[in-house]
Amino acid sequence: MTDNARLFLISRGFELLKEIIRAAILISGFYFAYLAIAELAGKQTEALLAFHYFISRDNDYALPWIISFASLLYAGMQRRLRLKKTQEMQGYIQELELKIDPNRTSSGLTTTGQTPAGGI
Amino acid sequence: MNANEFVNQIEVIASIMIFIWFFYGPWQSFVVDTVRQNLFEMRDKLFLMAANGNVSFESGEYKFVREKLNMFIRYAHAATWTHLLSILICDKNKAPDSSFDIETVTSAMSDRILANAIKGFYRDAVVMIAVALVVRSLFLLIAMMITLPVTLVFSLFDAARTKRFVSSSARILDRDARLSDTTRFSIVRN
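Top line first, the protein sequences correspond to chains A and B. Okay, so the first sequence: first residue is 1 according to my numbering, each after it adds one. Okay, so the second sequence: first residue is 1001 according to my numbering, each after it adds one.
Some hints here could point you the wrong way.
[Said to hold, decoys possible] From the structure, some residues in chain A lie toward chain B, with a derived Cβ separation under 10 Å:
1) 10
2) 36
3) 65
4) 70
5) 80
6) 84
7) 91
8) 109
If you are wondering where the hints come from, they were derived from the structure by calculation, not from laboratory data. Given the structure is predicted, the values throughout are model-derived calculations rather than measurements. All C-beta atoms in this analysis are idealised placements derived from N, C-alpha and C, irrespective of residue type, glycine included.
Please build the complete structure, drawing on both the sequences and the hints.
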């Protein structure tokens, strides 16, 4: 086996291990949620629970969740804007730099500054 | 279990799951993008230095540092502790290649101010990659929080060993980035 193939196998093995741990955490989360729902099943409807959650002062009227989701949405929109701006600006930068240094080397990233699909 | 307990339980589970999603999703992209932006800024500064005539575009030093910065820009998304560990396991018996050493490249330069500036670009790039490597891993982040006070005290008392540790860490990171570059080409593009 060549060095590169060995390295590829080992690093992919570690990546797989990380994915397994991540999946185990998510599956445990769903499992515990299922247990909680199963225990309350038939005693109260989900719609009523959600309604109570949003009007309950104990739960701060769900404000922390609402603010968190609004922030995530805002961050997502800002990111899209930034990528769009990057795409627009990089063309000019590349053009100007090539005029000064015709042998200019590239980073190999996409025009939005991200890793190309399938690696660099 | 009453309704309140149920809500609390679901809230905790949802919080943990959203945190995991956030950490391994948007947070990873944010860190990689931040590192790349800083590296691009450094590359721009280097370009301006050459455009102002401080260093030639055709000089070996300029090409070396520009390629190093490009290499770290490409490597930023692959800089994880598991990747580094894989390199350490596979590459432990190989002697370091001095042609890739920044000290070797800059030692021949007559302009010491310029040499230090170029070394500074390289050092900052390595530090940025190292910081990204830590903040992208929950395991390393927690380990760093626990060990940081001890490490700081230790670095104050044993500066020589700390310097050796920092330079050998930089060498390992550089080697990982370099091998990742060629590995990707040989595996993905073949």
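Status of each hint after checking the structure:
1. 10: Holds - the Cβ of residue 10 (chain A) comes within 10 Å of chain B, reaching about 4 Å at its closest.
2. 36: Hint on residue 36 (chain A): holds, closest Cβ of chain B at ~5 Å, below 10 Å.
3. 65: Hint holds; residue 65 (chain A) Cβ to chain B Cβ min 8 Å, cut 10 Å.
4. 70: This interface hint is violated because 14 Å lies over the 10 Å limit.
5. 80: violated (12 Å)
6. 84: violated (14 Å)
7. 91: Status violated, d = 14 Å.
8. 109: Check passed: Cβ of residue 109 (chain A) comes within 7 Å of chain B, closer than 10 Å.
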